[in-house]
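Enquirer: Once you have looked at the hints, place chains E and P on chain V.
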Amino acid sequence: MSLWVDKYRPNSLTKLDYHKTQALHLKHLVQQGDFPHLLVYGPSGAGKKTRIFCLLRELYGPGVERLRLEHMNIQTPSNKKIDITTVSSNYHLEVNPSDVGFHDRVVIQELIKTVAQTHQLDPSGQREFKVVVICEADCLTKDAQHALRRTMEKYVATCRIILVAHTISRVIPAIRSRCLGVRVGAPTKDEIISILQSICRKEGLSLPNELAERIAMQSNGNLRRAVLFLETCKVQQYPFQPDQKVAAHDWEIFLKDTAKMIVQEQSPQKLLQIRNRLYELMIHGIPSEFIFKGLLQELVKNCDMQLKTQVVEKAAFFEHRIHLGSKPIIHLEAFVASFMASYKKFMEATVADLF
Amino acid sequence: MHAFLKTGKLSGGQGSLSGAKDKPGQSGVLKKKSLTPWVEKYRPRTVNDVVEQNDVVEVMRQCLNGADLPNLLFYGPPGTGKTSTILAAARQLFGDIYKDRILELNASDERGIQVIREKVKNFAQFSASSIRPDGRPCPPFKIVILDEADSMTQAAQAALRRTMERETKTTRFCLVCNYVSRIIPPITSRCSKFRFKPLGNELIRERLQLICSEEKVSCSNDAMNCLVETSGGDLRRAITCLQSCSRLKGSGVEICAEDVQEVAGVVPVELVNGMLDVCRLNNYEMLTEFVDKLMQEGYCVAQLVEQLHEVVVFDTNMTDAQKASICDRLGVCSFRMQDGGNEYINLLDLGCTIIRTMKM
Amino acid sequence: MAFKLNWISASFDKDKPDEVIDVDNLRMEPAIDEVQRMNYSCTKEKIMTKDWLKEYAPKIPSELVLQKPKLDQLNAWLQIATKRVGMAPILLITGPPGVGKSTALKVLAAVQHIQLTEWETPVDIDNAELAGSGHLIQSQASRFEAFLLNSGRYVSLLDNGKGMKKLILVKEFPNVFTLHPTQLFDILRRYHVMGRVPIVFSLQEQTEGSRGIFPKQFLEELNIQQISFNKVPNKSIMKALKRICTLNKTFSAPSADILEKIVECVHGDIRNAVLQLSYELVQDKHGTIKQHNSHSVRHASHKQKSKIIKPSTVGRQNSVKMSKKQSSGNKSSKEFEAGGKDRQLPIFQRVGRLLYPKKSQDVAFLTHNPEEIVDQTLAHPGRLLHMVLENYLKVFRDMNDSCRAIHYASDADTMMSEFRERELTLPMALSTLARGFMTCKSTASRKWTPLTNQEYFTVRQRTRAVREQIISTNPKYVLMPRDATMDILPIIYGGLSSRLDSHPCEDELCDTSDDEADMVLLAEGSKNLQHCLSTVIDAASGIQVAPKEVVTAEKSDADNIKGEECMTGTPYEIQESESDDESKISEELPKAWLDNDIEFINNVHHF
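Residue numbers (this note's numbering), protein chains in the order written: chain V, 1 to 355; chain E, 356 to 715; chain P, 716 to 1322.
One thing to keep in mind: the hints can contain errors.
Derived Cβ-Cβ restraints for the label pairs, each shown as a range [unchecked claim]:
#1 Q469(E) / S12(V): 48 to 54 Å
#2 K931(P) / R201(V): 56 to 62 Å
#3 D83(V) / N628(E): 47 to 53 Å
#4 K931(P) / V470(E): 34 to 40 Å
#5 S482(E) / D83(V): 50 to 56 Å
#6 I452(E) / S326(V): 54 to 60 Å
In case anyone wonders, no lab produced these hints; they're calculated from the structure.
Every value quoted in this text rests on a predicted model; they were computed, and no experiment measured them.
Note that beta-carbon positions come from the ideal geometry of N, C-alpha and C, so glycine has one too.
Bound-form chain V, shown alone:
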């Protein structure tokens, strides 16, 4: 028994619930015994990892399901030891180099080198190459991406690379052109609903369609989130009620509240409180770009068109700054401060117009 997300994850290309033609294409690709480096991209919760896993299973058989968690020690040229966690089977290895900040270049080179140089020991191994799955490839530094490009070509005989990215805007063209891009779009609302229904059938539950619909709405195209919501609902209350509450994630609520606080009062003191809240969000691993997005979505609600464009412009400006600078909190705070300043002016002007 495990989370439903894991329990009902399809494990073969034929069992995938949506993007069926794409699944078929992938099957074609693998059937010829070989495939190019892949770049799988799409929003989170759309099933990128699931597809990759299915692909690997198609390629290597059920052996890929025996996973091990390992810690690797890699030494940088500056003699700093880096610990990195990898998940691997006999045939493939998953790694998230963005964990190690700007050392990712070394990690990637070393890892792929080790993988590529150790040939398959198992004589019955059907393939003469191993697969390295690199998660969050869009978070790699430019330096690492360039290194990856070279590494990709160098070890092409013994190693295939699958890159997983949320967006490929950040992946350098040289890598894009060397990979076959596989776009995994989010499932539509109807697809999510049917998946939720089928899970409930398998669990022996009955799910009112209205609830399924609301869960699908709430999940915003993120299937993982939808299934998690469903499971939470089940724990909260069963049998399901059509009008049952679907609770958003706590951090989303927290973020919304923060936005409300910003709109309520604009003063340096309030800003201080806001900062503490932003810190809380960051501590809990919410990436700053999501904080930006969430704040933006909430803040513009109370503005007129002109102010909206202003706010969006500011958000884009400061969000960019996060990537240039090294301390996200400063830029987040700068955005909030500039919103506060212009909103205050806006409100004062509106009040003045009234009289």
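Expert: Chains E and P only, in chain V's frame:
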């Protein structure tokens, strides 16, 4: 078999370097012929096969007839046949021994100053005879091909300058790059420069159709148009794309336009125009809805921005001032996203700017 | 250029045989140097003839201020090491600067009749640089090796006590070894086999294993013993100072009050304490020429610490301080700051200056030059930024001002992160920061608010803790921390608010009842969920966890806790005198920054 992977520059790997590297996969190639990259398979064999690039073909022809070969600098957009030309020429010049006579260094190799000096030195050390093993005459020099020369550092280029002069007796250099402006003047002045023009749509279509019939791939007319359009004059990209499509679809199934778009990573035209249409509505909520949808589909926003630029520039309804202001923001957003900026926020920003300019 | 400067300093050296003039100082602050030269003649006899440090250095073991057990340890090692034949033993002494590591060694060695030979890094760097760095690396490393081997072999001509036992003391390495420590290791390995004379390395700090030049395995490999000294306790310093006072005949003993204050502000640095004392006493005696004296004494003290303090600013700072002192005449502990350990306190002062800028009568100009304030700040620039950021909102009253100010901070951060042109951008960033903040405030509020230390580090610590949590939840999610923190964790571990129990954040919202209800619901729901999942999580996806994982996780957990203890709850005020707790932090944080910096630089090298 893995050779399929080698899209892009690596496909130039006829050279001695990548040739050696390919060996482990050779057996696979024998097993499944169809997996050789078509870019390799359909590379021009002779100089005369090279299309569109008349100037350089003329020079090459003269050289084949016994004239001396100058140092060469080929520049132009990717996929226009720069590497193909020099390889074809080398093959014709040297015949079977051409592999011994050329040294190809591309950006994927370590290319520090030291490495280049050493490799070139070792390579140029032995003078080349003017007779082939089979007794026929051939030019008494070797050719060093430096692919992607514009990605070399200034220092490395400066070092190259001296090497070029020193080895001039036995060696000719051929530098291949996309942007001639990134090559330092001392080098450009030592080479005869040739600009490679982007290939015309008709030529690309011809070539693709040839490949389709050779490989027995059925490709719908729409798909062909789409291939030609998305290639933007880059023949290699078009061919690689065609091959990827045919592999994904499996043999015997007709390739349609959507497949091509998917593989090429192009954002559908409806969405690009949809962006402008939604901005014309002057409604922020509609804009966010549109952007949300786009993000969920997972399209590459950088690509969208690029295509949007095309559409905006050739739009007939907008004033020049409007175009300028939109293009300005397109540039800014594209720059931000290069640095890792959030796609959603930047796209919104772009949308807001367009809304504002539409009202002008 | 380099030669010319050398020549100048050389000529000055002739003038003043026992004081080395800092070349930088000479170039940047000619005026002050001029003053010093003029005053030099009148103060020379009185101060410079007596080097207090040398004069009052402990002569017998009982005078040493270090902890008894450590001294015994050292003594024991010396005895064993010098008797031993065969492999040359190596000892590593570590401790903060100025606790008397070398002094202790010298005293103990003298007692046991051991002759000390000290390695001095040759300083012909100017020439070597011209000759090319490759040559330099080779020569310095090989010279070091030759020194080690030779010093044991040859007997000094001056050494009349035949067969005296020998000991090599190494206090600094050629720079080569900090860049390529393996070279050093190789030399030592060879020496370990071939050499006979014991070596003692006396280094500033070596925390457990990772930091410092020697890795743990190496220490074990060559069987290197390590003795680390702690800071000298205040009591011992007091004792030592009193001893000096009684020995000293020239000056009348200072009041206990002054001694206490000296002890307080030196943070366990005995060398500094002695210097402070000499300064105080001289000043009392020659009240009339106080100001001039101070320059020379400061200069002497600054010679000791020239690594830390920028020469040009110290001079200026002192003159400002002294004038103030003369007018007020009272000596609060604050007066010691400049000469004392200026690490933590000044940064609060600087931040105070930035946030409460003084304007001269002519409003257009600031009293303090922003660049100067920045220069005077000894901490890592990033820390200054954080400190300012942490505190500005408590001072600013107007929203527009704050908005402008934080905008400047954002600019500064962006510039600071541009490491490729670091030399250019860093001063610009700091200048932007300082000027921005000093000019932003339109309403002058003089209300005094306590400044607080940065929270950033606590935040980082806790972020790491959350990451650990992810790993413990389900190893598979290690690879997708983003998805895990955003989707999985909230479901498994109750609401954010319940996760944040220990850190209350102000919820003053009245119109969020709906959402709150949501949260309660969710929290309850997930509690149940958590219950039924708790048994499952480990086995969640059938991943085998390598046993090593447990070890590392535990270790880092422990580290976290340790770190957090150090970090939490230390509000500071501008005028607050320092507590022990604080000094601990002041030691810890800069080093963390330094580490980052080094990594940074290393990284840059790879470009």
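Enquirer: Is the hinted range of 47 to 53 Å satisfied by the C-beta distance from D83(V) to N628(E)?
Expert: The hinted range 47 to 53 Å holds for D83(V) and N628(E), with Cβ atoms some 50 Å apart.
Enquirer: Evaluate the given range 48 to 54 Å for the C-beta pair formed by Q469(E) and S12(V).
Expert: holds, 51 Å
Enquirer: Just tell me: holds or violated, for the beta carbon distance of K931(P) and V470(E) against 34 to 40 Å?
Expert: holds, 37 Å
Enquirer: Could you say whether the range 54 to 60 Å given as a hint is met by the Cβ separation of I452(E) and S326(V)?
Expert: holds, 56 Å
Enquirer: At the C-beta level, are K931(P) and R201(V) separated by a distance inside 56 to 62 Å?
Expert: 58 Å Cβ-Cβ, so the 56 to 62 Å window holds.
Enquirer: Should the hint that S482(E) and D83(V) are 50 to 56 Å apart at their CB atoms be regarded as holding?
Expert: Check passed, 54 Å falls within 50 to 56 Å.
Hint violations for this structure: none, all hints satisfied.
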